[in-house]
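Just so you know, the protein sequences line up as chains A and B, in that order. When you number the first sequence by UniProt numbering, it's gap-free, plus one each residue, and the end is 151. When you number the second sequence by UniProt numbering, it's gap-free, plus one each residue, and the end is 149.
Please note that a few of the clues may not be correct.
Okay, the calculated bits of chain B under chain A, using three or more residues with CB under 8 Å as the criterion [claimed, not checked]:
#	segment
1	10-18
2	54-66
3	90-98
Ranges of calculated distance between the beta carbons of each label pair, as one might list FRET restraints [stated by the list, open to error]:
#	chain 1	residue 1	chain 2	residue 2	range
4	A	Asp3	B	Glu45	36 to 42 Å
5	B	Val138	A	Val140	46 to 52 Å
6	B	Gly63	A	Gly50	18 to 24 Å
7	A	Met1	B	Arg102	36 to 42 Å
A few chain A residues facing chain B, derived, Cβ under 7 Å [claimed, not checked]:
#	residue
8	Ala8
9	Arg11
10	Gln14
11	Ala15
12	Asp18
13	Ile55
14	Thr94
15	Pro129
16	Glu133
17	Ala136
18	Val140
19	Ala147
Hints listed in this document are in silico derivations from the structure and should not be mistaken for laboratory results. Glycine is no exception: its CB is placed at the ideal position from the N, C-alpha and C atoms.
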Amino acid sequence: MLDATDSAILRRWQAEPDLQVTELALEMGLSQSVLSRRIDRMRENGVLKGVQGVIDWSALGYGVEVSLRFTLDKGEPRALDLFVAAAREVPEVTEIQTFLGRVDVRLAVIARDLAHWRQLYGERILTLPHISEIEALLHVAQVKTDAVLPL
Amino acid sequence: MIDDLDRAILQVVQANAALSTTAVGRAVGLSQAATWRRLDRLRREGILAGRELVLDLETLGFGVTVFVGVKLATKGRVDLEGFERAVSAIPEVRRVQHVLGRYDYRLRVVARDLSDFERVLRRRIMGLPGVGEVEANVMLSEERRPGPL
Numbered sequence: 001m002l003d004a005t006d007s008a009i010l011r012r013w014q015a016e017p018d019l020q021v022t023e024l025a026l027e028m029g030l031s032q033s034v035l036s037r038r039i040d041r042m043r044e045n046g047v048l049k050g051v052q053g054v055i056d057w058s059a060l061g062y063g064v065e066v067s068l069r070f071t072l073d074k075g076e077p078r079a080l081d082l083f084v085a086a087a088r089e090v091p092e093v094t095e096i097q098t099f100l101g102r103v104d105v106r107l108a109v110i111a112r113d114l115a116h117w118r119q120l121y122g123e124r125i126l127t128l129p130h131i132s133e134i135e136a137l138l139h140v141a142q143v144k145t146d147a148v149l150p151l
Numbered sequence: 001m002i003d004d005l006d007r008a009i010l011q012v013v014q015a016n017a018a019l020s021t022t023a024v025g026r027a028v029g030l031s032q033a034a035t036w037r038r039l040d041r042l043r044r045e046g047i048l049a050g051r052e053l054v055l056d057l058e059t060l061g062f063g064v065t066v067f068v069g070v071k072l073a074t075k076g077r078v079d080l081e082g083f084e085r086a087v088s089a090i091p092e093v094r095r096v097q098h099v100l101g102r103y104d105y106r107l108r109v110v111a112r113d114l115s116d117f118e119r120v121l122r123r124r125i126m127g128l129p130g131v132g133e134v135e136a137n138v139m140l141s142e143e144r145r146p147g148p149l
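All chains should be modelled from the sequences, with the hints used to inform the complete structure.
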């Protein structure tokens, strides 16, 4: 589906997503129209789903990030759907992943500080439906961030 | 620190960072110039930290994403920086977070399929210096949420 040029475009663009199409074309040695056509085609066939802005939550005063791993109540067949629907209602939840393994769901949750975290945890997290077990990992440092795919 | 218009701008750009300043302005009811000034400030203050391509991993041949928890072995002196350097050098490991809790590190790993993942896990990750207990959970679905804007 992708040829070598497409892969090269994605590798280069992923490494520096702030590049504008004109700059990227120049670096790749492609004309702007050829590059735009290739990008459009990758959007159409769903390889490129979009370009998102990244918000640095710590710059907005959210200094705490916690990874919460949940095991859900196996007696309730709709537990996962109900849990995920309720988690979407919590604004401080930035990521929701479901898993095959010991853990059923993971939420990434941000808070301004530990006092705020305590309040969120009591009022918004522990009240989520069908929780059987919770395990928390407090984020200390980001060592490597969403690196370029090994294309 | 930021007002409601900034929040509105961040919401628009977070969802689609390929929009022109004019289009962002139109979405929030601001002129191109006023939008540009606000975007510029949000960037300078580090709030808008950049852009990210959203790619369909499956179409690109990466059929599995696995979250791996790594506990470092407690025996002997553990070299955190050495471990971090070595684990970050593995191309399939896309994200490394140092955490406090049951594990010391959380890794996000991509692989072609489960047997490819097994190869990465056994040959690359488990062979790193200082690695103790390891737990792997295969991701079934993922949703990025907009966050508290």
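Right, here's what the structure says about each hint:
1. Counting residues of the segment 10-18 of chain B whose CB lies closer than 8 Å to any CB of chain A gives 7, so the stated coverage by that chain holds, three being the minimum.
2. Residues of the segment 54-66 of chain B with a Cβ under 8 Å from some Cβ of chain A number 7, which satisfies the need for three, so the listed coverage holds.
3. Coverage of a stretch by a chain is defined here by at least three residues with a beta carbon nearer than 8 Å to that chain's beta carbons; for the segment 90-98 of chain B and chain A the count is 8, and the condition holds.
4. For the hinted restraint 36 to 42 Å between Asp3 (chain A) and Glu45 (chain B), the CB-CB distance of approximately 41 Å keeps it satisfied.
5. For Val138 (chain B) and Val140 (chain A), the Cβ-Cβ distance of about 25 Å falls outside the hinted range of 46 to 52 Å, so the restraint is violated.
6. One distance hint, 18 to 24 Å for the beta-carbon pair Gly63 (chain B) and Gly50 (chain A), holds here, with the actual separation near 21 Å.
7. Checking the proposed 36 to 42 Å range against Met1 (chain A) and Arg102 (chain B) shows it holds: the Cβ atoms sit about 40 Å from each other.
8. Residue-level restraint check for Ala8 (chain A) is violated (minimum Cβ-Cβ distance to chain B is 13 Å; threshold 7 Å).
9. Checking Arg11 (chain A) against chain B: minimum C-beta separation of about 11 Å lies over 7 Å; hint violated.
10. About 5 Å separates the beta-carbon of Gln14 (chain A) from the nearest beta-carbon of chain B, less than 7 Å, and the hint is met.
11. Given the 7 Å rule on beta carbons, the hint for Ala15 (chain A) is violated: about 10 Å separates it from the nearest Cβ of chain B.
12. A distance limit of 7 Å between C-beta atoms decides the matter here; for Asp18 (chain A) the minimum to chain B is near 5 Å, and the interface restraint holds.
13. Given hint, Ile55 (chain A) at the interface with chain B, holds; its Cβ is 6 Å from that chain's nearest Cβ, closer than 7 Å.
14. Given hint, Thr94 (chain A) at the interface with chain B, holds; its Cβ is 5 Å from that chain's nearest Cβ, closer than 7 Å.
15. Because the closest C-beta pair between Pro129 (chain A) and chain B is about 17 Å apart, greater than 7 Å, the hint is violated.
16. Here the hint on Glu133 (chain A) is broken, as its CB sits about 12 Å from the closest CB of chain B, past 7 Å.
17. With its C-beta approaching chain B no nearer than about 6 Å, Ala136 (chain A) sits inside the 7 Å limit, and its interface hint holds.
18. Given hint, Val140 (chain A) at the interface with chain B, holds; its Cβ is 4 Å from that chain's nearest Cβ, closer than 7 Å.
19. Taking 7 Å as the C-beta contact cut-off toward chain B, the hint placing Ala147 (chain A) at the interface holds, the least distance being around 5 Å.
The earlier numbered hints that this structure contradicts are 5, 8, 9, 11, 15, 16.
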